[in-house]
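Line by line, the protein sequences give chains A and B.
Residue numbers are given in the numbering used here: position 212 of the first sequence equals residue 212, and the series is strictly consecutive.
Plus 320 on top of the position in the second sequence (first one is 1) and you've got the numbering used here.
It should be emphasised that the hints constitute simulated quantities derived from the structure, not laboratory data.
Treat each hint with caution, since some may be false.
As the list claims (entries may be wrong) - Mimicking EDC-like on lysine to aspartate or glutamate, the simulated pairs with C-alpha atoms at most 20 Å apart in a straight line are: (1) Lys-634(B) <-> Glu-580(B); (2) Lys-267(A) <-> Asp-299(A); (3) Lys-280(A) <-> Asp-166(A); (4) Lys-527(B) <-> Asp-16(A); (5) Lys-285(A) <-> Asp-271(A); (6) Lys-101(A) <-> Asp-524(B); (7) Lys-527(B) <-> Asp-42(A); (8) Lys-67(A) <-> Asp-524(B); (9) Lys-527(B) <-> Glu-99(A); (10) Lys-525(B) <-> Asp-42(A).
Stated by the list, open to error - Chain B residues, not near chain A, derived (Cβ > 10 Å throughout): (11) Val-325; (12) Thr-351; (13) Tyr-363; (14) Gln-461; (15) Gly-594.
Here a beta-carbon is modelled for each residue, glycine too, at the ideal position from N, C-alpha and C.
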Amino acid sequence: MTTKPLKLKELAKGEDRFAHGHRMCAGCGAPIVVKQVLMATDYPIIASNATGCLEVSSCIQQFTAWKIPWIHSAFENAAATISGVEAMYKSLVKQGKLEDKQVKFIAFGGDGGTYDIGFQSLSGAMERGHDMMYICYDNGAYMNTGIQRSSATPFGADTTTCPAGDVIPGKPQQRKDLTRIMAAHGIPYVAQASPAHWMDLMKKVQKAFEIKGPKFMNIISPCNRGWRSRTDDAIMLSRLAVDTCYWPLYEIENGVTKITYKPKEKKALIDFLKPQGRFKHMFAKENEWMLKQAQEQVDAQWERLLKEDSAVREEKPAEG
Amino acid sequence: MGKIVAVTGNEACAQALKQINPDVCAAYPITPATDLMQRFSSYVNNGQVDTELVLVESEHSAMSACIGAAAAGGRVATATSSQGLALMWEMLYIAAGTRLPIIMPLVNRALSAPLNIHGDHSDGMGARDTGWIQLYSENAQEAYDNTIQAFKIAEHMDIRLPAMVCMDGFIVSHSIERVEYIDDADVKNFVGKFQAVNPLLDLDKPKSYGPLILTDLYHEYKRAQHEVMTKVPKVVLEVAAEFEKMTGRKYSLFETYRLEDAEIAIVVMSSAAGTTKDIIDQYRDKGVKIGLLKPRMFRPFPYLEIADALKHLKAIAVLDRADSFGGYGPLFMEIASAVTSMDTKPAMINKIFGLGGRDYLPEQGEHVIDELINVAKTGKVQTVKEYIGVRE
Chain A
1 MTTKPLKLKE LAKGEDRFAH GHRMCAGCGA PIVVKQVLMA TDYPIIASNA TGCLEVSSCI
61 QQFTAWKIPW IHSAFENAAA TISGVEAMYK SLVKQGKLED KQVKFIAFGG DGGTYDIGFQ
121 SLSGAMERGH DMMYICYDNG AYMNTGIQRS SATPFGADTT TCPAGDVIPG KPQQRKDLTR
181 IMAAHGIPYV AQASPAHWMD LMKKVQKAFE IKGPKFMNII SPCNRGWRSR TDDAIMLSRL
241 AVDTCYWPLY EIENGVTKIT YKPKEKKALI DFLKPQGRFK HMFAKENEWM LKQAQEQVDA
301 QWERLLKEDS AVREEKPAEG
Chain B
321 MGKIVAVTGN EACAQALKQI NPDVCAAYPI TPATDLMQRF SSYVNNGQVD TELVLVESEH
381 SAMSACIGAA AAGGRVATAT SSQGLALMWE MLYIAAGTRL PIIMPLVNRA LSAPLNIHGD
441 HSDGMGARDT GWIQLYSENA QEAYDNTIQA FKIAEHMDIR LPAMVCMDGF IVSHSIERVE
501 YIDDADVKNF VGKFQAVNPL LDLDKPKSYG PLILTDLYHE YKRAQHEVMT KVPKVVLEVA
561 AEFEKMTGRK YSLFETYRLE DAEIAIVVMS SAAGTTKDII DQYRDKGVKI GLLKPRMFRP
621 FPYLEIADAL KHLKAIAVLD RADSFGGYGP LFMEIASAVT SMDTKPAMIN KIFGLGGRDY
681 LPEQGEHVID ELINVAKTGK VQTVKEYIGV RE
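Okay, chain B solo, but in the shape it has when bound (with noise of 0.2 Å):
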């Protein structure tokens, strides 16, 4: 049993980099990122870790310097948010494509233009599409445990993939919560030791990485990429229990909430979870069938196990944090390829909220529910994508 402490999203992540001690970490301050690396430099700067970190000057570079040291074989971790992650993007894509276990909670925020340093998930769904694995966490709990579990899943033989761990900005990463702690030893116990995979510092074997590959082989290998995202829900899984039977506490693909007898649910990622549990329970006590789906993990995406869990409802509601200017949101069109594998396709609707840390409040979430109570009765939609919690 570990060690029960109030600490911040932040402070939770730093602890489970500090306990994993990677071999290499290359970083570039961002809000709200900040905090949690430079927690960590300390830890290196008081020989608590036995970390390289590389302080470089963007995060183009820490990305260009993660993969060089995980390619050189060994550890290698990095945070970062929003413009960050938008300055690795093209970094992220070599990152996957060359197979490079890297790990890197990713505290959302929002896009530019207009500037804004709080919580969406624009960043994290910009990079949906680049090869990297995608944990969600609804608090700072989460966020501890999925880092740790992160490291296990990217560094399984069958996936040597790199993986985001994301919390919401400000709300999960900036805000003091009760977070259980893993003692030290079960955390290395449970990543163990790691295993490189052709090592470019075997000097014996030189290796090239990073060729040139045109028409005659790119396809191929993309479908090699795409193949093992398809292992990926396995090892989850296999890691979530037994991260469950280290720890107690449950992991999946996804969580349901009430949603087993639900005729209406909402699917919603991330902190708004937590808040719309709440709502559910009071519509559960008026007698409304409602549930909750939250994805864990967005990429890969399970659209099989998500429709099964959501087959049996007359209506759906897709809460985004994030927008996709001309097309709905990133979440609701999953849900909505989801549902295409459904013999009866619940209603649907999709609403855009919470955009640059707007707070999401109860009675969004409640307005959101009656009007999904009537699309359930009528079988009919208004308007599918619609913005909420907006100033008129």
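Just chain A, same shape as in the assembly (with noise of 0.2 Å):
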């Protein structure tokens, strides 16, 4: 299958795969992200989810907002699910029970089902080297349940069960970089997107489609409720997290990390973190500390992966 082209006008007139209807809340980055990805490509899609925002609002009942096969069965366990799926299918097609129609498999999971809870299946999953994609949505907390931190929560942020204190003012920890534990499993393609790059998303879920293996994608999706920002800022919040590096745009395939968008300009961070409500109490004159550290904390990260981008590494090849 030829990968299809990225051209907007066509795209809007594809047919959606993620139906209207659902019942995510207004200006939810997670269905963003869904049509995205599944509109990226013509294969034909199984999709596992985990227990989640996504799930409880995409099928309830009789109503399913999914028009390709989709099944969920518990919250930690979207990849061994998917997994499951995609063994049935080899093992058909193998014994010429089904014909192979190229099926693509993806799991979806949030933060909590991917970092967390999920995080044990996830790695089992990958380290297994079933063909298939696991995307998680992180939209940095338990938002489902009502907003409790994960370890995908940004420090600092004010959460329900890390609340603002006058003791401890927030998240005291930094978030786990799943995206650079993923790519330790040395699995064949590993990416960060976000749907204010929708180009450099669906670009990196066509590559992903054309590597045979397990892949896995780390995609930024905000949460209104959550975050505490309006209703309609999911994408401007999305293109901040990527221009204050906070949410850096690249991917890692065979080991080869690059970075596939770079700001012209690398925007303070504050330009993020201010119109979200979870971050208020971090501009209080007491707890300016907070976005000192958390800035250095974004800068050590984005220095870091600089150093690793194949394109700088190719114009200064290593020392000795």
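Taking the hints as your guide, dock the two standalone chains into a single complex.
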């Protein structure tokens, strides 16, 4: 199958494989992520979904927004579940009981179901080498249960389980760098994307689908309820996340790191933090250190990534 | 006529799986079930089966992958024990609630703490409410036969439920016994071709599996699940009749031994039933009218049929190889429930035995029978529930 051209006009004419009428909140990033992923390809897709916002809002009773075969079984096992589906497909095709239609398998999970409770299942499935893609829509907390901190919650954020208190002002820890952890599995393709850069996101999906084996994509997905931002700010915030280098766009293909988008001018992290109520307390006089620390964390990660970027490394070969 | 072999329970179950040739198996090793899937893995790697083997990182993922594979639309099996089943607990309900006919030999083993790898029924009893069909086996032959029958029961179009085939850890799983294998072709023919229902792999008719269903219909779904369970006994008996035609070996919902004219009886499951039958023979020789009832199908539990088989008794001892702490033994509770339908109720005692692989010795059974004779005579029960074979 040839990779389809990403022309906005053409894409708009295509059939939605994730239908309207689902019950996600207005302004949620997750359905945008799902639509962009599914729109990027014409391959048949079968998806699994971890318990979470996307799952509870997209398939209720006899109503489903999914026009592709879709399965939800539990919270921590979207990867294991789709690995079973993929194994059955492989088995039936191998035995000649089913025609090979180049089906692609995706697991969708939020950050709670991916970074935390589903991490073991994800790691196992990646190590086993299933021909599947795992897509994490990362909104940085357990939004479905009411904004509890996860290991993807950014430093300082105010959540219901790490509230901005007088003694402990929000989440004390830095977020887990799951994209790197997945790359450490040695799988052929790992990428980070943002729905604001839809072309970049869809190209990554297309690329991933042409690669056999396990793939992982981490996609930032604003949640206006949890981030306490305006309903219509999802795309603006996913762009600011990229432009501040809080959420760099890059891919690691067969161990080679490539930054796919470098902001012309790296914006200050506060540009990303300011529109979000979850960081409001960090702007108080006594918490200014938090802003500084958050900026330092982002700077350190960006610097590290820049050094690893294949383009940079080609220009300046390693010494010795 | 099949081959007669000397094999362990695990080996016999692995052979059954080999003959059935499931499309997908997902498994994780745990004592004493490890050996079963280990053997099966060699069948896979030596090309003796077509199975896609998914060697997962936990039992939770094993059952999750089995659920994905079964929903995809094919024949699926796994095996586990004890902590492995405990870790699967969440997914057991989902397998049954999604109506997926997954087959799982369960090599019964004690649950931690303290850690113990030996046989008792704590694992299986803990999963009794999950919606799985449960068949218990006395020996390797029954484990083999039950595994083959389980596929046909679970995949029956009126049922479509997952099923566990239980055998006692080590006592059966690791003991070499005489087993009569059925010819490959006969097994294949008996089990038949897998018929997929609403397969996820049907791209033309996309299905959504695992919806959110709240107060408006959840209750109805659960009633539907209950109703399916009520259809299971009939199918179990039909499959047993067909199996008997093929092998000459008779199976039912439960087995009775010298029960017809008995005045007192022991109810016990799995391997301990074999030992108990020997003790019963000795007491019969002494003129004691004693018999045995060995449940085979624990879920669904055949209350009325068992009540009918026990209705003429004066006293019953129920031997449980598991405890419900703060309650009576799980088997006792079922027998007590069955007894409620009787006009004249027998006196009942409950003995907890053999936990964590403690040997069930003939003298333990003898003490129980002696007490039972007295209970029948006086109609009085001193202590309802008591541990036996305890080191004081």
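Verification of the hints:
1. Lys-634(B) <-> Glu-580(B): holds, 13 Å
2. Lys-267(A) <-> Asp-299(A): holds, 11 Å
3. Lys-280(A) <-> Asp-166(A): Holds - the C-alpha atoms of Asp-166(A) and Lys-280(A) are around 14 Å apart, at most 20 Å.
4. Lys-527(B) <-> Asp-16(A): Judged against 20 Å, a Cα distance of about 16 Å means the pair holds.
5. Lys-285(A) <-> Asp-271(A): Holds: Lys-285(A) and Asp-271(A) sit about 17 Å apart, inside 20 Å.
6. Lys-101(A) <-> Asp-524(B): holds, 12 Å
7. Lys-527(B) <-> Asp-42(A): Roughly 18 Å between the alpha carbons, so the hint for Lys-527(B) and Asp-42(A) holds.
8. Lys-67(A) <-> Asp-524(B): The given pair, whose Cα atoms are some 10 Å apart, holds under the 20 Å limit.
9. Lys-527(B) <-> Glu-99(A): holds, 19 Å
10. Lys-525(B) <-> Asp-42(A): holds, 17 Å
11. Val-325: For Val-325(B), whose nearest Cβ neighbour in chain A is about 28 Å away, the distance exceeds 10 Å, so it holds.
12. Thr-351: Nearest chain A Cβ is 21 Å from Thr-351(B), so the label holds.
13. Tyr-363: Since the minimum Cβ distance to chain A is about 14 Å, Tyr-363(B) lies beyond 10 Å and the statement holds.
14. Gln-461: Holds, since 30 Å exceeds 10 Å.
15. Gly-594: Gly-594(B) is indeed farther than 10 Å from all Cβ atoms of chain A, at 37 Å.
In terms of the numbered hints stated before, the structure departs from none.
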